[in-house]
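Undergrad: Residues per chain, in single letters:
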Amino acid sequence: MNDFFNALFFSPMPFLRYAMLLGIAGSIAFGIVGTWVVTRRLSSLAGAISHSVLGGIGLAAYLRNACGINWITPILGAMAAAVISAAIIAAARKYSRERDDAVINAVWAVGMAGGLLFLGITPGYVDLEGYLFGNILLVTGSDLITVLILDCAVIAAAMTFFHSIMLFSFDPEFAEMRGLKTNRIYFMMLLITALTIVIMVNLIGIILVIALLTLPAAAAGTIVRRWGTMMAAAAVLCMIFTGGGLAGSYLWNLPPGPVIVLFAALVYVAAVAGKRTVEKYLRKKQHRIE
Amino acid sequence: MKTDDAPAIEVQKLNFSYSPGVKTLDNISFTVNRNDMVCIVGPNGGGKSTLLKLLCGFLTPDSGTVAILGYDPVTARPKIGYMPQMSLLDPAFPICALEVVLQGLVRRPATLFLPTAGKKRAIRIMAELGIDNLRNARFSELSGGQRQRVLLARALVTQPELLLLDEPTAGADAEVQRDFHQMLHSLRGKMTIMVVSHHLQYVCGCYDYALCVNRQLHIHQLSNRDSFNWDDVFDHGMRKIEHSPDCDCIEGKI
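Line by line, the protein sequences are chains A and B. Residues are numbered in the working numbering as their position in the first sequence, beginning at 1, plus a constant of 58. Residues are numbered in the working numbering as their position in the second sequence, beginning at 1, plus a constant of 104.
To be clear, the hints were calculated from the coordinates, so they are not data collected in a lab. No experiment lies behind these values; they were computed from the predicted model shown. Note that beta-carbon positions come from the ideal geometry of N, C-alpha and C, so glycine has one too. Hints are supplied without guarantee of correctness; some may be wrong.
[To be verified] Which bits of chain A does chain B cover? Going by a derived footprint, with three or more residues having C-beta under 8 Å, they are:
{"no.": "1", "segment": "60-67"}
{"no.": "2", "segment": "194-208"}
{"no.": "3", "segment": "215-225"}
[Unchecked claim] From the derived model, a few chain A residues whose C-beta atoms are all more than 12 Å from chain B:
{"no.": "4", "residue": "Pro-70"}
{"no.": "5", "residue": "Arg-151"}
{"no.": "6", "residue": "Ala-160"}
{"no.": "7", "residue": "Pro-230"}
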C-alpha cells in the first residue's frame, strides 16, 4: 500500500495523481447525474446516448480525413450526436409515451451502426479503441479543468432545479399539475446527462461511464432516505470506487477500468444483500415482540 | 364569466376518443357546484380515468368544453389539489414523507428554497392528518394507509379549491378506508371534492351524489342504507348507488 501512496503523492510522474484527481472531480458529476439516471430510470437511455456518440465520432473522422473539414473535431461530433440523441428520445417521450423504449434502443443501434459505417469508409487508421474505451491513466491537466467546468454546470443545474427535478422524477403527473414544464425538465436532464457522458467517455471509456453513472447511485439508494442525500452519498461512493479501484489496479498490476467496475459492483451487491438481511432481522425481531 | 361564482366543474357536450370511431366518452354534460362532494364510479374501461385526465387538461376533448372553476383545465391546475393512484409511484424512490408533502409547494419558476410559510403549513397539515411523527420516515417504508395520508397532505398543501383524488382507497382494508373517508368528511365545505372510486355499487355515505361513467354519464342519487347491515361488511356507513337501467354498469357491459 505504501508503494501506492508513494506513487500517488511523491512520484515525478503525474499520471496516477491525475487519474485520482479525475476520479474525485468526476465523482461529483457522476453522483448527481447518476442519481437522476437511477431514480428516473434512465439507465438504458444513458446507454443509448453513450453508444450513439460513436456515430458522431465516426462522422467527424470521415469529414476530417475524407473531406478535409478540419474544424470538426471528434469531441464536437460526439457532442452533436449526444444532443441529437437526447432530443430524439425526449421527443419520443412527448409524442409516443408507450414506445420510447423502442426509440431508445433504435438510437443505440443506429448510432453505433452509423459510426462503424463512417469509420469504415474513412481513409487511414482511426483509433477507435481510444475513443470507446479511454484510459483513466492517460488524462492530462486540461482534461481535469474540463471536468471541473462540467462539475460547475451540473451543480448549478442540480441546485437551481432541485425541487422540480425531484418532483418530476417522483411523480411527473403531479409535476405537471403544479405547472412545471415537464418536457423541458426532461430534456434538460437528458442534455446534462449527455454532456457528462460525452466528456467522460472521451476520458475513461463507455464501460466505466455506464458503471459509474449507475452503480454508486444504486448502492447509495439502498441506504439513504432522501433524494438529496443520495446525490452526496453517490458522489462519495464513486470517489471510493475510483480511488480503491486505482489502488487495487496499481498493487496487483491490473488494468484500472475493470478493477473499478468490479469493485463498484461488489459493493452494490453487498449493500443490497446487507439491506435485505437487516430488514429480515428487524422483521423477525418485531414479530417476536408482538 | 365571473370566475368567483363559476361552478367547480362544468362539462358541456364533451366527446373524446383515443382512436377514430371508438368513442370513449360520448356527449357528456354535468356540473359540480362548489363545495360539493362527489364520486365518480363506473366499470373498468368505462372512461373514469379518461374523464379525470380531461378535467386535469392532460387530454384535449374532440369536441365540447371543460371549465374548472371558470377556467380552462390547464390554467386552473394551480387551484387543483391532485392525488394520483398510489400504484403509479416508484416504491423504491429515496424520499421521506415530509419531502413528499413539500412537493405541493413546488412551482414555476424554480427556486432553490421553498417558501417558509408553506413549510409551516405542510407541517400543520401533517399534524392534522396525524402523520407528523412520520416526517422523516422513508416513503417506501410507510403502510398503505400512511402513504395515502401523505399524498392527501401533499394535495392539501397546494391550498386547492378543487380536490381530485384518483382511487385513493384502492387496495386498502375497511379500517383504512373508513379513516380516509372520515378525513375527507372533515374537509367538507372547505373545498370541492371529487373522488374516483373503484367500487361500483357501494360508496361511502359522505358523498352527495355519484357520477357513473360508462361511455356516457349518468348522475345517480345515493340511497340510504337498506335493511341489510352494511356495517357488518364494510365496518362503516356505506350507501348504495341507484344505477338506472340504461347505464348498463351492473352487468359490466361497456
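Undergrad: Could you tell me which of the numbered hints above are not met by this structure, giving the numbers in increasing order?
TA: As far as the earlier hints go, 1, 2 and 7 are violated by this structure, in ascending order.
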